[in-house]
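J.: We have chain C; now place chain X onto it with these hints.
Chain residues, written in single-letter form:
There are 2 protein chains.
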Amino acid sequence: MNAGGGRVRIYDVARLAEVSVATASKALNDTGRMTEETRNRVKAAATELGFRPNAMARGLIQKRSFTIGLLTNDTYGRFTLPVMAGISAALVDRGVSVFLCGIEDDPALGRVHLDAMLDKQVDGIIASGKRIDRRLPVDLSDLPVPVVYAFTEGQEGSVTLVSDDFQGSTEAVEHLLAHDRKRVVHVTGPETFASVRERASAYRAVIGGEGRVLYGTWSESWGHEAVAELWGTDGEHPDAVFCGNDQIARGVVDALRERGIKVPESVSVVGFDNWEIVASQTRPPLTSVDMNLEAIGREAGRLVLELAEGKPVEPGVRKLPCRLVIRQSSGGDAAVTERRGGLATAAD
Amino acid sequence: MNAGGGRVRIYDVARLAEVSVATASKALNDTGRMTEETRNRVKAAATELGFRPNAMARGLIQKRSFTIGLLTNDTYGRFTLPVMAGISAALVDRGVSVFLCGIEDDPALGRVHLDAMLDKQVDGIIASGKRIDRRLPVDLSDLPVPVVYAFTEGQEGSVTLVSDDFQGSTEAVEHLLAHDRKRVVHVTGPETFASVRERASAYRAVIGGEGRVLYGTWSESWGHEAVAELWGTDGEHPDAVFCGNDQIARGVVDALRERGIKVPESVSVVGFDNWEIVASQTRPPLTSVDMNLEAIGREAGRLVLELAEGKPVEPGVRKLPCRLVIRQSSGGDAAVTERRGGLATAAD
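Chains as they are written, first to last, in this note's numbering: chain C, 1 to 348; chain X, 1 to 348.
Selected chain C positions facing chain X (in silico; Cβ < 7 Å):
| # | residue |
| --- | --- |
| 1 | Thr-67 |
| 2 | Phe-99 |
| 3 | Asp-115 |
| 4 | Glu-220 |
| 5 | Gln-281 |
Only pairs whose alpha carbons sit at most 20 Å apart, straight line, appear in this in silico SDA-like list of lysine to any residue:
| # | chain 1 | residue 1 | chain 2 | residue 2 |
| --- | --- | --- | --- | --- |
| 6 | X | Lys-182 | X | Glu-210 |
| 7 | X | Lys-130 | C | Thr-75 |
| 8 | X | Lys-43 | C | Ala-108 |
Computed spacing ranges between beta-carbons, pair by pair:
| # | chain 1 | residue 1 | chain 2 | residue 2 | range |
| --- | --- | --- | --- | --- | --- |
| 9 | C | Val-313 | X | Gln-155 | 36 to 46 Å |
| 10 | X | Val-313 | C | Ser-280 | 41 to 51 Å |
| 11 | X | Thr-31 | C | Thr-31 | 17 to 27 Å |
| 12 | C | Arg-212 | X | Thr-233 | 40 to 50 Å |
Hints listed in this document are in silico derivations from the structure and should not be mistaken for laboratory results.
Values in this document were obtained by computation on a predicted structure and should not be read as measured data.
Cβ atoms here follow ideal geometry from the backbone N, Cα and C, with glycine treated the same way.
So here's chain C without its partners, still in its complex pose (with noise of 0.2 Å):
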């Protein structure tokens, strides 16, 4: 019953009985009300697993909910749901079931839903949104339990995490240079996005000034205009795009194979976002930047509970680095891209 294969959980014993973790937490502590079946059914499975609290654990155990609250204005859930899913990760073997709220823009509308997350007595909270240069419609400071920010911007004095867009920019650009390419454009969003600015900052350090970087929004149909604004005059062309986000790098990489360009022969395109269902899906599947948002879930989880726990966390903002996937697009070692394209290479 011990998945972990080490010391008895409140979580194990929880599970054995079939109960919430807070209720078993109760019924070992003889506090909280429960039928005496109940009680004595806990009893008997922490009996069984030979689970033993210290003193300090049962203190904790005892005034701890076992819920963790995610606040997001994130209505569309494309980043706020991988960050669930590392939070979720990594409290549900501690037994902690997260719940996610989500809030408007109406700041009195979120004050409301975050009272009912405190009427709950969640352990702690974490707040997400869609961008990182945002707070949150809602204030969180001084709340009766600790928060931690995830891919949004924390008030001061905050434990904040959020992506290295700078690292993981620079890493899609090098690798785009290290596979030959001398004339890299960078296709991005709006430049009113903190991290549009972050990226082609990055895209700039690399490239060491030479560069062109062109603004607009983050759609497939901005690609393609800005490929017929590249392509469209004489004289050298790009070799390499690198792109704000997959869905520009969608539309490039569809309006170079319309102009007869070949992707990654004469060009190559990196995407950012690793979106699955559109880098996976675009023909040669797209090479981009993973912000690793689950990850940073899971590390948002852990930090609330240690400050949950009453350990010490050191306040500030925490970049958690990029990783690149490279797929076909961007020309990458063949070896590699082909067999993840699961086609065998002359060489295997």
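T.: Only chain X this time, still in chain C's reference frame:
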């Protein structure tokens, strides 16, 4: 402060006093633990707004937590997030917050998360999933709170809400026939899905036995393969393709363009799901069947509250209508299509 313009609700009092609805309820009922300052602030807000709960409402308010739990195994969220948005929209004016908890396919784990929700004394539970012919891996019968199933298979005798795929598919095929299409084929997902069989049987019912159904995967690449199969031989080719989802339709439209076949002039294409990000970026934009998942969520929220308030709700499966969203790919009514696209027609 009273947005609805009608009777003052406990929610309005909570909002003015800047507390949760549960706290406002307890303050007015002289129950619960809070500071005197908070209790007085709530009472002052109630007086200011002229809030007068009747005896019945007082009783109901006292017993409720103003939280609905949403359980789902759709961790990708494509179906559950619109359902959640609908639930929230239905309940927000009544001061009820929705907490989503993702469960995996491990029944023991599902039970832990479910118990965590019951510990928080949710007023009701809505179960949702990623397909209508699969149950969540957790037993929701005999719970102390009402359960409504929305876009997942319900247990015997439950209140279940699903989309009417037969009606939606019928509308899609009739739309194609109404625009003089004579040879409509159906390219869809795996036959193991009930929704695939339902959509195919509607297609066959409208076409009248002459049809052709190609089963495959839910992917763009299957759309490409299907076009290669349908157009790879001599003889009469289809003049319309009704697709089982938008990704297949996207593949079909792209494959036809690459063969120099004009959509919608020579072939009309209709998708299913109305997944905005795919449908709107397809060239031309996709006509698609929308399952109205938000409406399913709104109805689920309304019904679970009715049940929580002790009102009778007839059990059984309710099929809510889909709606056909017409864009350019089906060559529908040109005036409507072009107005939607922001262009004026000569007739305007």
